[in-house]
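Novice: Taking numbering that gives the first Met the number 0, the leading residue of the sequence shown gets 0, the next gets one more, and so forth.
Simulated from the structure, these hints should not be mistaken for laboratory data.
Even glycine gets a Cβ: it sits at the ideal position worked out from N, Cα and C.
Treat each hint with caution, since some may be false.
Here are the simulated DSS-like cross-link-like pairs (lysine-lysine), alpha carbons at most 30 Å apart as the crow flies [stated by the list, open to error]:
| hint | residue 1 | residue 2 |
| --- | --- | --- |
| 1 | 231 | 141 |
| 2 | 141 | 77 |
| 3 | 270 | 77 |
| 4 | 141 | 358 |
| 5 | 141 | 310 |
| 6 | 159 | 77 |
| 7 | 299 | 159 |
| 8 | 231 | 358 |
| 9 | 270 | 310 |
Now the in silico label distances, taken between C-beta atoms and shown as ranges [stated by the list, open to error]:
| hint | residue 1 | residue 2 | range |
| --- | --- | --- | --- |
| 10 | 362 | 186 | 41 to 51 Å |
| 11 | 277 | 202 | 21 to 31 Å |
| 12 | 435 | 162 | 35 to 45 Å |
| 13 | 455 | 81 | 30 to 40 Å |
| 14 | 191 | 124 | 47 to 57 Å |
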Amino acid sequence: MGWSSECNSAEQPGIDELVRGIIFHHIPVARRIKITILPVNVLRYDITVATPPSLNEPKPVMTESETDRLRRQIEDLKAEVARLQQGENKAESLGRMAGAIAHRFNNLLGVVLGNLEMVMNVLPSESAAVENLIEAIQAARKTAEVSGLMLTYLGQSRAKADLLDLSAACRRSLETIRSGMPKEVLLKCDLPPNGPVVRANAAQLQQALTNICTNAWEAIGAGRGTLQVAVKAVSPGEIAATNRFPLDWHPREFPHACIEVADSGCGIAGKDMEKLFDPFFSSKFTGRGLGLPVVLGVVKACGGGVTVESKPGKGSTFRLFFPAEEQAPAVQPDQAGQPFRFEASGTVLLAEDEEMLRKLTATALNGLGLNVIAASDGDEAIEAFRRHQEEIVFVLLDLTMPRVNGWETLEALRTLCPGVRVILTSGFSEAHVMTGEHPTLPNVFLAKPYDRNELISAISRVLAGQDG
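Throw the hints in and build the complete structure from the sequences for me.
Specialist: In structure tokens, the structure reads:
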């Protein structure tokens with residue numbers, strides 16, 4: 000008689016109880032016990048026991064050597080669980096550290112971008128320095144993109160998720176992707192007219208598909224090859240259990256939407272499979288390696304997972320799975336050609352603990368015709384609001400501040416004036432910031448680093464009474 004089971008390391012007391020039962024004869028004697036450590040602190044144990052005795056027969060007793068062997072296995076198991084738990088804690092700690100660095104980095108990058116834009120605005124267009132400034136601004140924005148990619152991998156991206164027709168989103172993305180592909184690579188598409196609906200960010204979805212397709216045509220190399228992209232709906236039972244990422248992802252019991260990207264390239268070596276989605280791992284050349292981690296980050300943010308099927312010399316198939324939604328995607332209004340005008344007046348309460356960014360933002364707000372009351376933390380902001388409540392038309396509020404943070408400040412301001420309009424800013428993503436329960440929410444969220452146009456857009460929305 001035997002059985003096989005899995006449990007998380009957090010359920011270790013249950014294993015102890017099982018073994019205690021075997022040792023003290025509550026369970027028939029174990030003739031074989033095999034314990035295997037799987038990724039992400041999952042334990043698989045296979046136990047074979049003797050046929051249970053009848054009620055009238057005496058319970059069998061384990062021999063001393065069997066008991067000692069079992070005890071040693073359990074001690075080894077406990078040590079392995081402790082090692083895995085330590086590794087998981089370290090990964091969580093590194094994730095928090097990377098997120099905090101990206102947040103700090105975005106603050107400082109905002110200062111760089113803002114100052115460059117201000118210099119551009121005062122320089123005459125014929126100045127020889129204009130071209131250098133344009134290149135510096137472009138480089139700064141690309142640096143912001145790298146920071147954004149790291150946050151995407153960590154699941155802390157800046158993007159807002161919307162209901163999207165997956166087939167239509169892929170069709171739009173492939174038009175751009177096709178133009179950058181090598182001519183020797185043949186692109187074949189199988190996209191239904193009306194694809195399954197998912198909740199995702201369109202730009203991030205395009206980034207993920209671009210990264211997967213780029214990875215595919217690079218695997219094909221300089222010769223001729225085929226790249227196939229398909230979109231379909233699948234059931235949880237159709238999702239492979241092997242080579243599935245993240246390792247702790249299990250599809251839930253509802254339909255999933257799938258993007259399938261298959262190539263005729265060189266395939267993936269078995270030794271590289273488990274490292275495919277590690278940041279900066281690359282079998283190509285040094286300096287690459289954020290493409291696939293970003294893909295995984297985008298899919299994880301949607302509650303999905305990725306499977307990989309590959310054999311060296313026979314190509315690879317990546318499948319991206321997203322929970323399918325029953326709602327239809329909203330029709331986006333066409334705003335092309337609509338003239339943009341910005342007019343503002345009044346006083347703004349600016350709460351920002353980063354001194355350089357506070358000064359820069361105040362200057363930008365002044366340049367838009369707004370008066371500014373600046374505060375370096377939440378306490379100062381609350382006190383300033385008490386004194387100038389009648390003058391303040393909206394509040395530009397940083398999330399991460401000493402003493403009293405953005406959420407606490409927002410709650411205090413709404414207590415003083417329930418109708419106060421607030422723009423909340425952060426170097427973390429909107430989805431990450433809004434996670435959890437909050438007594439009150441901002442009217443508009445503005446991700447850092449932001450440029451002048453993004454600031455104007457946020458102000459326009461908050462003054463027009465548009466939330467989001």
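Novice: So, for every hint listed, does it hold in this structure?
Specialist: How the hints compare with the structure:
1. 231 x 141: 34 Å, violated
2. 141 x 77: 47 Å, violated
3. 270 x 77: 28 Å, holds
4. 141 x 358: 24 Å, holds
5. 141 x 310: Measuring from Cα to Cα gives roughly 35 Å; hence the hint is violated.
6. 159 x 77: Judged against 30 Å, a Cα distance of about 42 Å means the pair is violated.
7. 299 x 159: Measuring from Cα to Cα gives roughly 14 Å; hence the hint holds.
8. 231 x 358: 51 Å, violated
9. 270 x 310: Holds, at roughly 12 Å.
10. 362 x 186: 41 to 51 Å: Cβ of residue 362 to Cβ of residue 186: about 48 Å, so the range 41 to 51 Å holds.
11. 277 x 202: 21 to 31 Å: For residue 202 against residue 277, whose Cβ atoms are near 24 Å apart, the range 21 to 31 Å holds.
12. 435 x 162: 35 to 45 Å: The hint (35 to 45 Å, Cβ to Cβ) is violated, given that residue 435 and residue 162 are roughly 23 Å apart.
13. 455 x 81: 30 to 40 Å: 54 Å, violated
14. 191 x 124: 47 to 57 Å: The hint (47 to 57 Å, Cβ to Cβ) holds, given that residue 191 and residue 124 are roughly 50 Å apart.
The structure fails to meet hints 1, 2, 5, 6, 8, 12, 13 from the earlier list, while all remaining hints are met.
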